[in-house]
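Engineer: Here is how the chains run, residue by residue.
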Amino acid sequence: MTKKIARERNLSHFVKDMSGVASVYQLMSLLKNEIKAFKTVENPLLAYAQSQNELHLLFYQGSKIIKKDVPGVWPQQAKIRLNNIQDSQFLANVFGRPFGKLLTIPLQLKRKSSNDQLLVSAILFFEHALVGDRLVEFTEFIGDRLQSISIVLDRLLLENDLNEAALLWEQTFDGLQDPIVIFDSEAQILRANKSFTENLQNVKSKDLFEKTLKVNNKIYEIRSYPIITGENQSPSNIINHYIDVTLAQRLKKQMIQNEKMAALGNMAGNIAHELNNPLTGIRSLAQVLIRKASPGTDIFADLHEVEMAAERCQVIIKNLLEFSSDKLENQKVLISINDIVQRTLPLLKTLIFQFELQLKLTEKNCFVLVEPHLMQQVVFNIIKNAAQAMGNSGVLTVKTEVYKKGGANEVQLIISDTGGGIDPSIRDQIFDFFFTTKSTGEGTGLGLSMSKNIVEKFAGNIIVNSELNIGSEFIITLPQAKAAVG
Amino acid sequence: MKVLIVDDEPLIRRSLVRAFANYGHVVFEADDGVKGLEIWQAEAPDIILLDILMPGLTGPQVLDQIENRGNAKIILMSAYAGEYNLKKANELGADMFIPKPFTDIFAVVQIAENLMVVN
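Order-wise, the sequence lines are chains A and B. Letter 180 of the first sequence, counting from 1, is numbered 180 in my numbering, and no numbers are missing. Letter 52 of the second sequence, counting from 1, is numbered 52 in my numbering, and no numbers are missing.
I should point out that these hints are in silico values taken from the structure, not numbers from a laboratory. Nothing here was measured: the structure is a model prediction, and the numbers come from that model. Each hint should be verified, as a subset may be incorrect.
As the list claims (entries may be wrong) - Which stretches of chain B does chain A cover? Using the computed rule of at least three CB atoms under 8 Å from a CB of chain A, they are: (1) 7 to 14; (2) 23 to 31; (3) 54 to 62.
As the list claims (entries may be wrong) - The calculated lysine-lysine pairs, modelled on DSSO-like cross-linking and capped at a C-alpha distance of 27 Å, are: (4) K318/A / K100/B; (5) K292/A / K364/A; (6) K204/A / K194/A; (7) K88/B / K318/A; (8) K292/A / K2/B; (9) K292/A / K100/B; (10) K2/B / K332/A; (11) K87/B / K318/A; (12) K332/A / K87/B.
Claimed, not checked - Some chain A residues judged to face chain B by a derived CB distance under 10 Å, without partners named: (13) V288; (14) Q314; (15) I317.
Just so you know, even glycine gets a beta-carbon here, dropped at the ideal spot from N, CA and C.
Only chain A is shown next, with the shape it has when bound in the complex:
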């Protein structure tokens, strides 16, 4: 009687201890402790299924618990067995040593692994040297505890699954590039992903429910998705997705700008052609009349003015026509940017002689695919601007360089001056059509806008850095072209 009570007491202790177990390792060590009384029983071995052809094996190496993933055929019999040859062979294969007497105890788990065909989802192995009553006693001892062990293992594996699922969910949630928030029905934030924390953490909560959101130069479109879980129709949660449309908007803006430019170019071309004839007439007739007028008279001077004005118009129209023409685009050739610079500088002699010219041309391959005359026009325009910005003296630097960007190389032409700089208030406008700070006759407001357009035609870009009273630098970047070898 007392024996039975003791047995019950021990068992309830074990069950209680087991309920606090938080990992399979703890389970192992508890089990090891529990069977200490059976001196000839080795430390337990626990195997549980991962799939039909793989399982996790936990065993002791000295006092350490080792977890090993073992490929191989899973012993599938569901009954308790003693000295089963298949089981011994299975373990012998895993550990590379013969196994002695072996007690195999399958555990029936409720948890279904991804493979439902498994008859047995976990097994306890005990290597032992027990005989007779002692063996029966041990089998009963383990049998008493079997249900508790199964329940705990079930729970641990389920928790493990849940943790993995939670981790996967969290990683997915945080991995999304757009900010995403889950609100409760009171519009309080329940969960926010990493992108939200990084980008929208400090946004006022009422702004989080607008249609669009502008934060730190980024534009977000907001989509709200209510989650209705219960029977009643009001949502229990709201998911807000903040779609980063910054790039899309910029591209759209650029597209509209490009279309505008194309339309403008087209129109400019037509107008230019229409204006050409009357303008030529005006200039030619002025030239004819000047010959008839006596030098020194008002009529002579006035006619001269008319002729000059007509000439100016012709130059503008010529530029416009070149600019709107598509034909030149197809005359791209391989040429080094240094060559373009060298060809252009002589044309600027009279404009830049009073400045200190610093020419720093790269020796690397700086070939680009452009239409040389258009590119020369760009260089001409920008150097002319630099000269005009400096007035009587200053340092004009013309530099070429080759940079690696991504997998490709880029060729840069940097033209900098020590002039007055560009006022920040107009810096955004300098590439606009007909924008000029120069007085009438000095500039048409086409130079930079055309330069930008030309560079973009050759897949490049042009940017400006400028500081008031220090100077400006224009950086033209073009894709490097492979120079023909030999």
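Using the hints, position chain B against chain A.
Structural biologist: Then chain B, alone, in the frame of chain A:
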């Protein structure tokens, strides 16, 4: 010399007429190809300045219909210098090509006079 100017643009005609007349040449003008051909037959000019793009007959069409050209010189003019050039003008049977717009009207007169001298 006798100069015929065929161009549909009045201001171009006018300035060319003035410039040539300034140098003492006899100038005829026509605002289209048909009239141009009539004057050609009636006056037998030494040189024709012929616009390429005109309503009705184009410059090359006019050129095609000129008979008994003799030593007369023909200059084609066009604002579409991209599509026309001296080589093309020569192929069409003209002696010279002058792109429009003119930057110096007297240079045009000079070119025409030079053509006559060469002969």
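Engineer: Hint by hint, which ones does this structure get wrong, listed from lowest number up?
Structural biologist: The structure conflicts with hints 2, 3, 5 and 10, although it agrees with all the remaining ones.
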